[in-house]
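Peer 1: Full structure from sequences and hints, please.
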Amino acid sequence: MDLTIVWAFLIAFAVAAYVVMDGFDLGIGILFPGFRVGKERDQAMNAIAPVWDGNETWLVLGGGGLLAAFPLAYAIVLPALYAPLIAMLLGLVFRGVAFEFRWRDPAHRPAWDAAFCIGSVVATFAQGVTLGALLQGITVEGRAYAGGWWEWLSLFSLLTGISLVIGYALLGACWLIWKTSGALQEDARRYAKRALLMLIGAIALVSLATPFLEEKYYERWFDWPGLLVAVPMPLLVAGAGYMLWRSLRRDVDWHPFAWALSLFLLSMMGLAVSMWPDVIPGRVSIWEAAAPESSQAFMLVGAAILIPVILAYTAWAYWVFRGKVDEEGYH
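With this note's numbering, the residue at position 284 of the sequence shown is 430, and numbering never jumps.
Derived from the structure by calculation, the hints contain no laboratory data.
Simulated DEER-style distance windows between Cβ atoms:
1) Lys185 - Thr285: 45 to 53 Å
2) Trp296 - Lys185: 43 to 51 Å
3) Ser327 - Glu439: 49 to 57 Å
4) Arg182 - Gly469: 20 to 28 Å
5) Ala350 - Ala290: 31 to 39 Å
6) Trp433 - Ala257: 45 to 53 Å
7) Ile451 - Glu287: 37 to 45 Å
8) His254 - Phe159: 36 to 44 Å
9) Leu343 - Phe444: 42 to 50 Å
10) Phe358 - Arg182: 38 to 46 Å
11) Pro252 - Gly469: 21 to 29 Å
Bear in mind the structure is a predicted one, so any value in this text is a computation, not a measurement.
Every residue gets a Cβ at the ideal spot worked out from N, C-alpha and C, and that includes glycine.
Peer 2: So, in structure tokens, the structure goes:
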């Protein structure tokens, strides 16, 4: 068994879990100014209150796993992406503080609501920019980052940042369709339709641009066996988008969220095709960046205990709070 591949899949799983689970509550923050002040905003907050902080466990696991299992990649990526990563962390902190204080300081609730939205937008946009900067390539000489402070900033990274903001907004709207009722649910349906149309356009633009960023991307997508994915992928994305659009006009409230997740999973599959087997695309493979096998084996024991525990308490939390929510809480 190749432990390097095992750890690559574990970190990819942690990142995917973070995107799926924290994406919808960041999306609610992005949409927050569009909700009516008072009961509607309280209802939106209560829809994520029991789970939002636990969702960020996966971000810690992904970042910590990258440091432990692929230290060379961590040493190169961190200085290359300091600016967007620090912006992401500050956005998450700002958002978390605002989430708590809007309940405890009602006299300044409008300010905390604005802070909650700004923190969500900044954190999401920074995550998208980080992904775009990683995809477009990082300058590496020897075993160190050799680029400048602003290398992460490009039209492509800005495009991926905007695309992720749209995608998280779609997830947040679909979560509210599932978990709420009444006027807020209708508003969420309206926002979901708009976000879906914009997201399909954003996916198309990113997909058209990505193969031309690196020669290896083009080869992986348009040479055999990459064609097995390249040919059906647009059809799968279009089909998932169509099913999501249909579900927004039906009464099964959890279907839109499920189809929105399918769009994200298809996008992550496309990302995997572009990057595999590199951890820094076109520069460093997972085997070149990996920690010694003995270290990987030692850490795998801890991961084998910790990850099932995280999955268990996460599943339990979602099961306990599985019903609809109003401005007073779950019922």
